Amino acid sequence: MHPDTLKYYYDRWDTLNSCFAYRGPFQDKLTNTILDISEQSRDHQQPGLSRKVSFMLVECFQNILKHSESFGEGELPFDDDGMFSFKYTDSSFVINSINILRNKDVPNLVSLIEQVNALDEKQLKKFYLEHLENNSLSAKGGAGLGLIELSRKSGQKILYKIFELDKTYSQFHQQITLSHHVKDSIEPVHFIVDSDEYYNLIRKENIFLQYKGDFTQKSILPILEMTELRYKEEKEEKSKALKAKHVLIEILQNMGKARNFALSPLHNPILILGQDDHHLYVSAGNVVSLSEKMLLEEKLEYLLSLEEEELAQLHRTTIRASLRFENKDRTGLGLIEVVRSGTEKVKYQFYPINDNNFLFALCIKF
Amino acid sequence: MNSDQLYIAATDETPEVNFSLLTGNSFMVGRSLPENAHEFYRPIIHWVNTNGIRIDKPSELELRFDYFNSSSGRFLFELLSILERNPKKGLMTVIWAVESGDELMIEKGKELMSLLDLNFEIREV
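Protein chains in written order, with this note's numbering: chain F, 1 to 366; chain P, 367 to 491.
These aren't lab readings, by the way, just hints derived from the structure by calculation. Computed from a predicted structure; not experimentally measured. Careful, some of the hints might be misleading.
Which chain P residues face chain F? A few, computed with CB under 10 Å, are given here [unchecked claim]:
hint, residue
1, ASP422
2, SER425
3, ASP468
4, LEU470
C-beta: ideal position from N, C-alpha, C; glycine also.
Could you put together the complete structure from these sequences and hints?
This is the structure:
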């Protein structure tokens with residue numbers, strides 16, 4: 001991956017404080033992981049809204065799980081199960097999810113969504129209670145009470161699109177929107193088309209995770225868990241994945257430390273994980289000042305000019321010398337380790353974003 | 367914290383630490399990626415500096431990390447440097463335990479080994 005691709009996604013999301021997209025595999029244990037990541041971006045929210053966000057994330061994510069679990073192993077002739085994504089816009093919290101379902105399940109699903117979308121708050125409550133009592137909606141393999149609850153909690157219409165993939169399967173794209181203002185009953189902004197295009201793009205580029213947001217220590221572990229899960233099954237990739245995880249720690253912690261709090265959250269750091277010609281790659285971008293740019297450029301140019309053994313020697317010298325450093329958390333070892341870890345030379349680029357700041361984009365292949 | 371034993375329970379970001387002067391065997395096991403490694407390792411280094419480590423018979427110090435950040439590596443080096451100065455260090459073996467196939471951790475172990483004059487064994491588990 002080239003730094004320009006990272007810049008493309010940085011620009012694409014320049015109106016969002018925070019967003020997240022994941023292309024599977026979908027497993028139940030990731031439910032908490034998704035919640036942990038989303039929590040990084042909602043400290044400012046009212047407690048009531050934050051609880052709703054948690055509820056909607058869990059409900060939507062588990063809905064994808066139900067669908068993917070309803071297929072036998074290797075049954076689907078597609079390269080992945082879909083996408084789960086969320087974003088925080090100025091006015092709302094939006095979940096866009098894509099999953100595969102059987103064509104025979106489509107009519108019931110469409111009928112249920114249309115029914116739910118046509119009801120007002122009181123009618124929805126009645127509808128929910130009726131179905132709860134009669135247990136008339138299947139919980140397994142399809143949407144049911146969860147959909148009604150999503151509609152009730154969000155207070156907005158469920159947006160959707162169904163795209164027939166072949167004679168047996170369709171792609172179901174759903175959008176759930178929660179306005180930041182509880183009483184807001186305006187029509188939700190339609191992200192389905194944008195999200196479809198985005199999904200096709202990240203599929204083509206084999207990106208499996210993207211995150212833009214506040215990189216705190218708490219967001220590092222969920223990202224590591226997702227990376228681990230992604231490559232658990234592929235033995236030949238295991239060593240590369242382990243290497244990528246170690247380097248991710250360095251990168252994520254540096255992004256967290258380097259954050260400039262004077263900048264708007266629209267300039268939050270961005271992380272992309274994917275696969276490129278059987279190699280894992282990590283791309284990371286964060287905004288730096290002119291003086292930071294100059295320092296980084298100087299360090300990186302020097303490190304990239306060294307041969308492998310020279311880098312190893314520099315690492316040994318730095319770790320020995322660090323015993324005498326006053327600021328023991330800032331030894332510069334992290335950058336040396338990042339540069340040493342790739343299977344090819346790391347690529348980097350600085351892109352001006354205003355008079356004083358630059359997007360620093362770094363790409364490493366394992 | 368008493369002078370016979372230093373025990374620190376594991377967290378999501380820091381390893382379980384057990385340094386014992388009673389048995390002579392010690393270990394650090396888990397993840398080590400604290401944001402502020404100085405804060406986490408300072409009391410451990412202080413304890414080892416103050417109490418030393420009992421080496422009157424063959425003993426082991428097992429280091430087994432799932433994840434590891436560079437600043438943890440720097441403090442670990444400092445910790446091992448204290449042990450290196452112990453005149454009875456020959457009785458102690460540092461076991462660098464790594465997940466099988468984790469080449470980067472093996473490499474990190476080898477690097478530490480090259481910097482220190484200690485009995486060092488890399489063990490794939």
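Hint by hint, here is what the structure shows:
1. With its C-beta approaching chain F no nearer than about 28 Å, ASP422 of chain P sits outside the 10 Å limit, and its interface hint is violated.
2. For SER425 of chain P, the interface hint is violated, the least distance from its beta-carbon to any beta-carbon of chain F being 25 Å, above 10 Å.
3. Hint status for ASP468 of chain P relative to chain F: holds, with the closest Cβ pair at about 5 Å, below 10 Å.
4. With a least beta-carbon distance of about 5 Å to chain F, the hint placing LEU470 of chain P at the interface is held under the 10 Å criterion.
Figure legend: structure checked against the earlier numbered hints; hints not met, in rising order: 1, 2.
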